[in-house]
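There are 2 protein chains.
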Amino acid sequence: MNDMTSRRSGGRAARRASRSAPLVDHLRPIRPGLEGGLYKPLSPEAMDRIHHAALDALEQIGLADAPPSGIAWMTGAGASLGEDGRLRFPRALVEDTLARANRDITLYGREPRHDMQLSGNRVHYGTAGAAVHLVDPEARHYRDSTVQDLHDAARIADQMDNIHFVQRPMVARDVIDNREMDLNTIYACCAGTTKHVGTSFTDPAFVADAFEMLHLIAGGEKAWRERPFVSNSNCFVVPPMKFATESCQVMEACIAGGMPILLLSAGQAGATAPASIAGAIVQAVAECLAGLVYVNAVKPGHPAIFGTWPFVSDLRTGAMSGGSGEQALLSAGCAQMHGYYGLPGGAAAGIADAKLPDMQAGWEQMCSNVMAGLSGLNMVYEAAGMHASLLGFCHESLILGNDMIGQALRCVRGIEVDEDSLSLEVIRATCIGGPGHYLGSDQTLMRMQRDYVYPDLADRSSPKEWVEMGQPDLLEKATARKNAILADRAAARFDPIRDAEIRKRFAIHLPA
Amino acid sequence: MNDMTSRRSGGRAARRASRSAPLVDHLRPIRPGLEGGLYKPLSPEAMDRIHHAALDALEQIGLADAPPSGIAWMTGAGASLGEDGRLRFPRALVEDTLARANRDITLYGREPRHDMQLSGNRVHYGTAGAAVHLVDPEARHYRDSTVQDLHDAARIADQMDNIHFVQRPMVARDVIDNREMDLNTIYACCAGTTKHVGTSFTDPAFVADAFEMLHLIAGGEKAWRERPFVSNSNCFVVPPMKFATESCQVMEACIAGGMPILLLSAGQAGATAPASIAGAIVQAVAECLAGLVYVNAVKPGHPAIFGTWPFVSDLRTGAMSGGSGEQALLSAGCAQMHGYYGLPGGAAAGIADAKLPDMQAGWEQMCSNVMAGLSGLNMVYEAAGMHASLLGFCHESLILGNDMIGQALRCVRGIEVDEDSLSLEVIRATCIGGPGHYLGSDQTLMRMQRDYVYPDLADRSSPKEWVEMGQPDLLEKATARKNAILADRAAARFDPIRDAEIRKRFAIHLPA
Numbered sequence: 001m002n003d004m005t006s007r008r009s010g011g012r013a014a015r016r017a018s019r020s021a022p023l024v025d026h027l028r029p030i031r032p033g034l035e036g037g038l039y040k041p042l043s044p045e046a047m048d049r050i051h052h053a054a055l056d057a058l059e060q061i062g063l064a065d066a067p068p069s070g071i072a073w074m075t076g077a078g079a080s081l082g083e084d085g086r087l088r089f090p091r092a093l094v095e096d097t098l099a100r101a102n103r104d105i106t107l108y109g110r111e112p113r114h115d116m117q118l119s120g121n122r123v124h125y126g127t128a129g130a131a132v133h134l135v136d137p138e139a140r141h142y143r144d145s146t147v148q149d150l151h152d153a154a155r156i157a158d159q160m161d162n163i164h165f166v167q168r169p170m171v172a173r174d175v176i177d178n179r180e181m182d183l184n185t186i187y188a189c190c191a192g193t194t195k196h197v198g199t200s201f202t203d204p205a206f207v208a209d210a211f212e213m214l215h216l217i218a219g220g221e222k223a224w225r226e227r228p229f230v231s232n233s234n235c236f237v238v239p240p241m242k243f244a245t246e247s248c249q250v251m252e253a254c255i256a257g258g259m260p261i262l263l264l265s266a267g268q269a270g271a272t273a274p275a276s277i278a279g280a281i282v283q284a285v286a287e288c289l290a291g292l293v294y295v296n297a298v299k300p301g302h303p304a305i306f307g308t309w310p311f312v313s314d315l316r317t318g319a320m321s322g323g324s325g326e327q328a329l330l331s332a333g334c335a336q337m338h339g340y341y342g343l344p345g346g347a348a349a350g351i352a353d354a355k356l357p358d359m360q361a362g363w364e365q366m367c368s369n370v371m372a373g374l375s376g377l378n379m380v381y382e383a384a385g386m387h388a389s390l391l392g393f394c395h396e397s398l399i400l401g402n403d404m405i406g407q408a409l410r411c412v413r414g415i416e417v418d419e420d421s422l423s424l425e426v427i428r429a430t431c432i433g434g435p436g437h438y439l440g441s442d443q444t445l446m447r448m449q450r451d452y453v454y455p456d457l458a459d460r461s462s463p464k465e466w467v468e469m470g471q472p473d474l475l476e477k478a479t480a481r482k483n484a485i486l487a488d489r490a491a492a493r494f495d496p497i498r499d500a501e502i503r504k505r506f507a508i509h510l511p512a
Numbered sequence: 001m002n003d004m005t006s007r008r009s010g011g012r013a014a015r016r017a018s019r020s021a022p023l024v025d026h027l028r029p030i031r032p033g034l035e036g037g038l039y040k041p042l043s044p045e046a047m048d049r050i051h052h053a054a055l056d057a058l059e060q061i062g063l064a065d066a067p068p069s070g071i072a073w074m075t076g077a078g079a080s081l082g083e084d085g086r087l088r089f090p091r092a093l094v095e096d097t098l099a100r101a102n103r104d105i106t107l108y109g110r111e112p113r114h115d116m117q118l119s120g121n122r123v124h125y126g127t128a129g130a131a132v133h134l135v136d137p138e139a140r141h142y143r144d145s146t147v148q149d150l151h152d153a154a155r156i157a158d159q160m161d162n163i164h165f166v167q168r169p170m171v172a173r174d175v176i177d178n179r180e181m182d183l184n185t186i187y188a189c190c191a192g193t194t195k196h197v198g199t200s201f202t203d204p205a206f207v208a209d210a211f212e213m214l215h216l217i218a219g220g221e222k223a224w225r226e227r228p229f230v231s232n233s234n235c236f237v238v239p240p241m242k243f244a245t246e247s248c249q250v251m252e253a254c255i256a257g258g259m260p261i262l263l264l265s266a267g268q269a270g271a272t273a274p275a276s277i278a279g280a281i282v283q284a285v286a287e288c289l290a291g292l293v294y295v296n297a298v299k300p301g302h303p304a305i306f307g308t309w310p311f312v313s314d315l316r317t318g319a320m321s322g323g324s325g326e327q328a329l330l331s332a333g334c335a336q337m338h339g340y341y342g343l344p345g346g347a348a349a350g351i352a353d354a355k356l357p358d359m360q361a362g363w364e365q366m367c368s369n370v371m372a373g374l375s376g377l378n379m380v381y382e383a384a385g386m387h388a389s390l391l392g393f394c395h396e397s398l399i400l401g402n403d404m405i406g407q408a409l410r411c412v413r414g415i416e417v418d419e420d421s422l423s424l425e426v427i428r429a430t431c432i433g434g435p436g437h438y439l440g441s442d443q444t445l446m447r448m449q450r451d452y453v454y455p456d457l458a459d460r461s462s463p464k465e466w467v468e469m470g471q472p473d474l475l476e477k478a479t480a481r482k483n484a485i486l487a488d489r490a491a492a493r494f495d496p497i498r499d500a501e502i503r504k505r506f507a508i509h510l511p512a
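If you read the sequences in order, they're chains A and B. The first sequence lines up with residues 1 to 512 when you count with UniProt numbering. The second sequence lines up with residues 1 to 512 when you count with UniProt numbering.
There's no promise every hint is true.
If chains are identical, the list can't say which one is meant, so a pair holds when it fits in one copy or spans any two.
[Stated by the list, open to error] Result set (EDC-like, lysine to aspartate or glutamate): computed pairs, CA atoms no more than 20 Å apart in a straight line:
#, residue 1, residue 2
1, K464, E138
2, K464, D136
3, K242, E425
4, K222, E212
5, K464, D144
6, K477, E138
7, K477, E83
8, K299, E95
9, K222, D442
10, K482, D158
11, K504, E180
12, K464, D158
13, K299, D104
14, K477, D488
15, K504, E45
Honestly, the hints are just simulated from the structure, not real lab data. Note that the structure is a prediction, hence the values are computed from the model and not measured.
Let's have the full structure, built from the sequences with the hints guiding it.
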């Protein structure tokens, strides 16, 4: 109250300054893990039908190409191997797995303040993908992405409040050896951010080395296993309905090492999944249910994220169209199925088909991002920076994505309705004997910081102010922000002794 | 079936061509009037509380400044005039009005194919506003908007499938006389499009002339009254809780002439409405309920749109921020209240704070547009072209908005779940003895045109194709489209005899 009084006595400039000051965490208008779920594209009956169609698919069609170890684990749990080589899953096995699966997963950051608790409809946004190009928006140029680009992306994401995790968004194409690429990917991400990291492996033989590196980073195996800060983004299926043999072996190795698994089913509607949105969801759900059986057969309760990631084709050309409305519906529908099962889940949103961070990119990225949040998706992957339907990643776009996702999170937070927010007394006091406006009311001052989100780079000036400021360009502002972040060499790197140990053991491509 | 067979025999090029051919209307994947409503930001209890707070506000606080005629109409219906000059509305009067109000409104186009039937959660998108600048995105320049700009906007909107109506989006600042401005606004819009037009009047004395012009356009008063193709966007209140005396007189004159009324309450949260989102909705609902009582007192059952248009302030500066997440929530919450009452309603969405059609504009416009659609808003006003928080209108942005809104409409259409879309048999046939992909399946070919929306100008090429095409620029494509539309002088103009009649009677500023 004292604070409020002094705040109000300081005149307009002081008031503006205090309004712009950062708030303590629990008072911030937006936070990681806000509860979504008020957008429900599927009716309860529709979800039942999707569930039963997926059970039928698992029982009658099943999945081909499981590795021998997987066949052993899953037949041991109750699956049956047909003469056609397909593993089929009786309904009881799937229902049993669903009943016992881990529903309350924490994905750890290297700092506890970045931990993500996945349950209910708690929403988190982050990067992901396997872009092969870095996009230079000023030069309007696509070039091969490098390990330095990846590290820079992690360092930028580390500074973005609304980017909650850093799954590897692009491929380090300058690291030719696949083993070195996988290890340098982990190094580049973890050296750039203390947020949770996601990565993948090109070969099961590389996983042991990765754990050695992760133990070094964590300060020992015990510390790693207590708070595993890297998860395995695992494309365990090749849709439709085939296990990806090597990826399954990667998965088994990651489970043994205590790494959470993102069970990623990335069909493409109209190509590797049915063209209908409901059908693509059915197939993704069936495949992820098979993955869940697999994980729980290997290690009951191991943390697994239900990663139904169906993509969309532009059916005129067969090319992917991640920026479409159909994509936004697919991911939102999947989020609702995660809620149906009560399982922590993830899907893709925020992809632009646009080549550059232009108006098209803005509308494409917001459409799926806000719908994913409103539908209560726990993990919104590929939420920022992605262009050309995942082929390009753009640092400036990642920075602008932070503002965009902040806005989406404000929408996720929703509309609070209680006695104070209904404002009857405020309306009365304002209209009857009051000033006839709400500009200086206590309620306005109080809600200013707790309810309203202010973008960092997005422009809200009037045309007159905008001209006076020299017509600031959005992309130029983002580039300036990028340069400022990357100029600070100290941020997020490992401590020198640990770094030296890692560099002694592994061929690290980033300069020390 | 024959058609399908021949389509499939023609090779890839022929298939592509036939996939790109336009569909008959009822098979198009998106249409005006698709049903939204699956996003529900307010719980049933929250809506009850908002309703009751609004009833309390009307009964206890009431509205000041009604004109004498309005006081007579409303006290005649049961409102009471206090000694403080405020009209107060007993709950029974409001409930009675709600019970008898017109719930099934058609807003007519000059061509029947553009009629909009407002009921349930049927969604329509269109322009609106009072921008005072035209935005030239190439020159990065704001200049005063003219009657030619307005006419051009109408002509462009006429060609955009996903712009369903044309409410006057900007002010003809080169027409200095207010009477001439109002009349030329109607002329410029109606001469540019056969879609439904919305307009406003600066003075009740101008309304009679307007009807004379509308009768000339329609071919007589009878034809006008049978299919009134212009509605009156009427700011009947000056929030908080005061009638706008002159606008109320305009409203009475429009009702007498058979023109549908948009009851527009445009408070600004934190300035002329409470800073809390719920409070701003309460006040807007209360004001529109008062307007509904007014309209139905003058003429029971007269078509009125429940126009709760609360805007948002950036509370750091007090400036409007129509591109914010808070704005998207306000409009979506209002849409749900329209549904609560079962009344045809409208609100604002699609506003950008961005000065230019850049990435920020894209994410701002999509955020509120898609949430408005998903919440089932009947009339989404200001949905395209609006920049600088309504101060600027941009033709190129209007054209790009058509693609954006097409995508939003695809999301509104949602996910169909039935035996065919669940696709179990398609999955089975594909996986067991089939090709292992869905590229050529009957289902894919069938859904290609009926389920998928393809943008006109948005780019979906690969980085390689994009370079080969010379890196097409989104805004340049929009400018080229604009020039092509405006080059066709024949489109949408009145027939010459009618035009001559109008020009003989009124001072028309557009060249003949």
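Against the structure, the hints come out as follows:
1. Taking the shortest alpha-carbon separations for K464 and E138, only the inter-copy value of 18 Å comes in at or below 20 Å, while the best intra-copy value is 26 Å.
2. In the homo-oligomer, the alpha carbons of K464 and D136 lie at most 20 Å apart only across protomers (15 Å), although the nearest pairing inside one protomer, at 30 Å, exceeds that limit.
3. For a Cα distance limit of 20 Å, the shortest separation of K242 from E425 across copies, 17 Å, qualifies, whereas the shortest one inside one copy, 62 Å, does not.
4. Proximity of K222 to E212 under the C-alpha cut-off of 20 Å is restricted to the intra-copy arrangement: shortest distance 12 Å within a copy versus 85 Å between copies.
5. Only between protomers do K464 and D144 lie at most 20 Å apart by alpha-carbon distance; the minimum there is 13 Å, versus 41 Å within a single protomer.
6. Taking the shortest Cα distances, K477 and E138 sit within 20 Å of each other both inside one copy (12 Å) and across copies (19 Å).
7. With identical chains, the CA atoms of K477 and E83 are never at most 20 Å apart, being 61 Å at best within one copy and 57 Å at best between copies.
8. When the C-alpha separation of K299 and E95 is checked against a cutoff of 20 Å, the pair qualifies only within one copy, where the shortest distance is 17 Å, while the shortest distance between copies is 61 Å.
9. For the identical chains of this complex, K222 and D442 are neighbours neither inside a copy (52 Å) nor across copies (55 Å), given an alpha-carbon limit of 20 Å.
10. For the homomeric pair K482 and D158, the shortest alpha-carbon distance inside one copy (12 Å) is at most 20 Å, but the shortest distance between copies (42 Å) is not.
11. For the homomeric pair K504 and E180, the shortest alpha-carbon distance inside one copy (14 Å) is at most 20 Å, but the shortest distance between copies (82 Å) is not.
12. In this assembly of identical chains, the alpha carbons of K464 and D158 never lie at most 20 Å apart, being 35 Å within a copy and 31 Å across copies at closest.
13. Taking the closest pair of Cα atoms, K299 and D104 come within 20 Å of each other only inside a single copy of the chain (16 Å); across copies the shortest separation is 59 Å, beyond that limit.
14. For the homomeric pair K477 and D488, the shortest alpha-carbon distance inside one copy (17 Å) is at most 20 Å, but the shortest distance between copies (40 Å) is not.
15. Proximity of K504 to E45 under the C-alpha cut-off of 20 Å is found in neither arrangement, the shortest distances being 58 Å within a copy and 63 Å between copies.
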